[in-house]
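Visitor: Top line first, the protein sequences correspond to chains A and B. Position 256 of the first sequence, counted from 1, bears residue number 256 in the UniProt record's numbering, the numbering being contiguous throughout. Position 111 of the second sequence, counted from 1, bears residue number 111 in the UniProt record's numbering, the numbering being contiguous throughout.
Hint data in this document are derived by calculation from the structure and do not stem from the laboratory. Keep in mind it's a predicted model, so treat the numbers as computed, not measured. Treat the hints with care, as some may be off.
Here are the simulated DSS-like pairs of lysine-lysine, each with C-alpha atoms no more than 27 Å apart in a straight line [unchecked claim]:
no., chain 1, residue 1, chain 2, residue 2
1, B, Lys168, B, Lys141
2, A, Lys25, B, Lys24
3, B, Lys24, B, Lys42
4, B, Lys13, A, Lys74
5, A, Lys13, B, Lys13
6, B, Lys24, A, Lys44
7, B, Lys13, A, Lys44
8, B, Lys227, B, Lys42
9, A, Lys227, B, Lys279
10, A, Lys13, B, Lys24
11, A, Lys25, B, Lys13
12, A, Lys24, A, Lys13
13, A, Lys42, A, Lys25
14, A, Lys13, A, Lys44
15, B, Lys24, B, Lys44
16, A, Lys25, B, Lys44
17, A, Lys148, A, Lys42
18, A, Lys44, B, Lys25
19, B, Lys13, B, Lys227
20, A, Lys13, A, Lys42
21, A, Lys148, B, Lys148
22, B, Lys279, A, Lys148
Number of protein chains: 2
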Amino acid sequence: MLHLVGLGLADEKDITVRGLEIVKKAERVYLEAYTAILLVDKSKLEEFYGRPVIEADRELVESGSDDILAGADKTDIAFLVVGDPFGATTHTDLVLRARELGIQTNVVPNASIMSGIGCTGLQLYNFGQTVSMVFFTENWKPSSFYDKVRENAQIGLHTLVLLDIKVKEQSMENLARGRRIFEPPRYMTVAQCATQLVETEETRQEGVYHADSLAVGAARVGAPDQKIVVGTLEELSSVDMGAPLHSLVLLGRRTHDLERDYIRQFAVDEKTFDASYQKYYGHST
Amino acid sequence: MLHLVGLGLADEKDITVRGLEIVKKAERVYLEAYTAILLVDKSKLEEFYGRPVIEADRELVESGSDDILAGADKTDIAFLVVGDPFGATTHTDLVLRARELGIQTNVVPNASIMSGIGCTGLQLYNFGQTVSMVFFTENWKPSSFYDKVRENAQIGLHTLVLLDIKVKEQSMENLARGRRIFEPPRYMTVAQCATQLVETEETRQEGVYHADSLAVGAARVGAPDQKIVVGTLEELSSVDMGAPLHSLVLLGRRTHDLERDYIRQFAVDEKTFDASYQKYYGHST
Chain A
1 MLHLVGLGLA DEKDITVRGL EIVKKAERVY LEAYTAILLV DKSKLEEFYG RPVIEADREL
61 VESGSDDILA GADKTDIAFL VVGDPFGATT HTDLVLRARE LGIQTNVVPN ASIMSGIGCT
121 GLQLYNFGQT VSMVFFTENW KPSSFYDKVR ENAQIGLHTL VLLDIKVKEQ SMENLARGRR
181 IFEPPRYMTV AQCATQLVET EETRQEGVYH ADSLAVGAAR VGAPDQKIVV GTLEELSSVD
241 MGAPLHSLVL LGRRTHDLER DYIRQFAVDE KTFDASYQKY YGHST
Chain B
1 MLHLVGLGLA DEKDITVRGL EIVKKAERVY LEAYTAILLV DKSKLEEFYG RPVIEADREL
61 VESGSDDILA GADKTDIAFL VVGDPFGATT HTDLVLRARE LGIQTNVVPN ASIMSGIGCT
121 GLQLYNFGQT VSMVFFTENW KPSSFYDKVR ENAQIGLHTL VLLDIKVKEQ SMENLARGRR
181 IFEPPRYMTV AQCATQLVET EETRQEGVYH ADSLAVGAAR VGAPDQKIVV GTLEELSSVD
241 MGAPLHSLVL LGRRTHDLER DYIRQFAVDE KTFDASYQKY YGHST
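All chains, full assembly: derive it from the sequences and hints.
Guide: Written out as structure tokens, the structure reads:
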């Protein structure tokens, strides 16, 4: 059987009791390590599980899935996913491939950033579709997220923005020369995201949000040193939230009083918070 | 310290290792037992934890929260929540009250139905706001959910419908006479929800969805006997999904081919699935 086991968000102890039992008895244990990271090293996981863990990069999962599935018709294979196996990145392709090969699957859910973001005090009910923000380059500043934010904003809903992760990326030169040399991993910060949001509004000029619109930055959700900061996009553009992973929520017009009361405690500056709130938020329609 | 510990969705083994450590050392352990249920009895939890568990009903949480918090400035109090502490029902009021009393809080995330619904194969990215469906009575058939579904549908997004739970409800007579006699708990089924959806469309007649629109029913998400069924609302109106808890997703117009391929395996009838899909779904805009 193929077991897709969610690891949750922070460290080795966020696995569920059920998930840990599976890891301990599985024949092989893979860790999906290219769409999200835990806040601890693989060696920490191996020590905690008492088992070797095989890192599964994008290449292995997308092209070599039959290697992962080898023998799974007879023994238990565990495929560990940071967050939830069907959360921000779904692994339905692996499940479908297993099904084609006649291999049974079992999914062990866990916290995902898609629900964990509730720790900000914003109601998950009031979120619209989720968008992703990639690292802009000089010539590539995709703004399809902007149209989706507009759709959410027209209804008055919050938008969760998931921030880019670059793991095992090759430079153009190394790629061209076929050298398997990888750049150091990069994780987008709340400040980088806020800066790119403002830049996109300046380019598009359609008023979907403004430099003084409110957003919530969240870092290391679920970890003991989790950090939440609320401010205008301008304020967040220079905030330091510390180590990865970061996420950001653009506040929706329909923010409820209870949500306001909760997030206000995280304000960079209560005065700018109140001024922006008064200007744009707290509408019931 | 007040620890809000998510229990996940199915049974006693869905708690995280971190959560279990907290429960084992806490001075008192409360279980929030009125907005969601685990699929096991409280006694099963007590046996697994080796600790007594105090059931916290709505009255205790909303009016008696100071009893829950008593002593939490000096010792550890665990407040267990089915799903995630900030998931479908948020407990921000309890956290704010603790803060007023100078009590530190700690949240242990877990799977919530808000992310667990990803097990259907539908991308969490593509969900709009979440709605709730309450039990209709002869004279009370609230349809505010219908307007929210319309907002999601206009964008083409999926809508998660959370189904009503009636726990510790009193009959009008017992309430009037002040008798603390409670009705047996009731959990809305996918079939009841689909029926009420169709009834509401017939009343409102605004074409937000149709009797032959597709929906995904999910029962006991995360449990070994989890069940997913896909069909038209008409088909789902007579489907038997077994024991609670149930949820339903109304499919959005923008459903992706990958989502279709995954959910089709759960179709009540592939022919009606394909016919409805062709009619309403798979549009990229």
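Visitor: The structure should be examined with respect to each hint, and the outcome stated for every one.
Guide: To see whether the hints hold, each was checked on the structure:
Pair hint B:Lys168 plus B:Lys141 holds up; C-alpha atoms about 21 Å apart against a cutoff of 27 Å. The hinted pair formed by A:Lys25 and B:Lys24 meets the criterion: a straight-line CA distance of about 25 Å does not exceed 27 Å. At roughly 15 Å between alpha-carbon atoms, B:Lys24 and B:Lys42 fall within 27 Å of each other, so this suggested pair holds. Distance hint between B:Lys13 and A:Lys74 is fulfilled; the C-alpha atoms sit about 25 Å from each other, no more than 27 Å.
Using a Cα cut-off of 27 Å, the hinted pair A:Lys13 and B:Lys13 holds, with the two alpha carbons roughly 14 Å apart. A threshold of 27 Å between alpha carbons decides the hint, and for B:Lys24 with A:Lys44 the separation of about 23 Å falls inside it, so the pair holds. Taking the CA atoms of B:Lys13 and A:Lys44, the gap is near 22 Å; set against the 27 Å cutoff, the hint holds. Our distance criterion of 27 Å between C-alpha atoms is met by B:Lys227 and B:Lys42, whose separation comes to about 23 Å.
At most 27 Å may separate the alpha-carbon atoms for a hinted pair to count; A:Lys227 and B:Lys279 exceed this at roughly 46 Å. In summary, the hint linking A:Lys13 to B:Lys24 is supported, as the alpha carbons are separated by about 15 Å, within the 27 Å threshold. The hinted pair formed by A:Lys25 and B:Lys13 meets the criterion: a straight-line CA distance of about 16 Å does not exceed 27 Å. Restraint check for A:Lys24 and A:Lys13: satisfied, since their Cα atoms lie roughly 14 Å apart, inside the 27 Å limit.
A hinted pair counts as satisfied when its Cα atoms are at most 27 Å apart, and A:Lys42 with A:Lys25 qualifies at roughly 18 Å. Distance restraint check for A:Lys13 and A:Lys44: the Cα-Cα separation of roughly 10 Å lies within the 27 Å cut-off, and the hinted pair is therefore satisfied. Taking the CA atoms of B:Lys24 and B:Lys44, the gap is about 15 Å. The hint holds against a cut of 27 Å. Only pairs whose Cα atoms come within 27 Å are accepted, and A:Lys25 paired with B:Lys44 is accepted, the gap being roughly 24 Å.
A hinted pair counts as satisfied when its Cα atoms are at most 27 Å apart, and A:Lys148 with A:Lys42 does not qualify at roughly 36 Å. The straight-line distance between the Cα atoms of A:Lys44 and B:Lys25 is roughly 24 Å, inside the 27 Å bound, and the hint therefore holds. Restraint check for B:Lys13 and B:Lys227: the C-alpha separation of about 19 Å stays at or below 27 Å, so the hint holds. Straight-line distance between C-alpha atoms of A:Lys13 and A:Lys42 comes to about 13 Å, which keeps the hinted pair within the 27 Å bound.
As the CA atoms of A:Lys148 and B:Lys148 are separated by approximately 17 Å, the hinted pair is consistent with the 27 Å bound. With a C-alpha separation of about 24 Å, the suggested pair B:Lys279 and A:Lys148 falls inside the 27 Å cut-off, and the hint holds.
Taken one by one, the earlier hints fail for this structure at numbers 9, 17, listed in ascending order.
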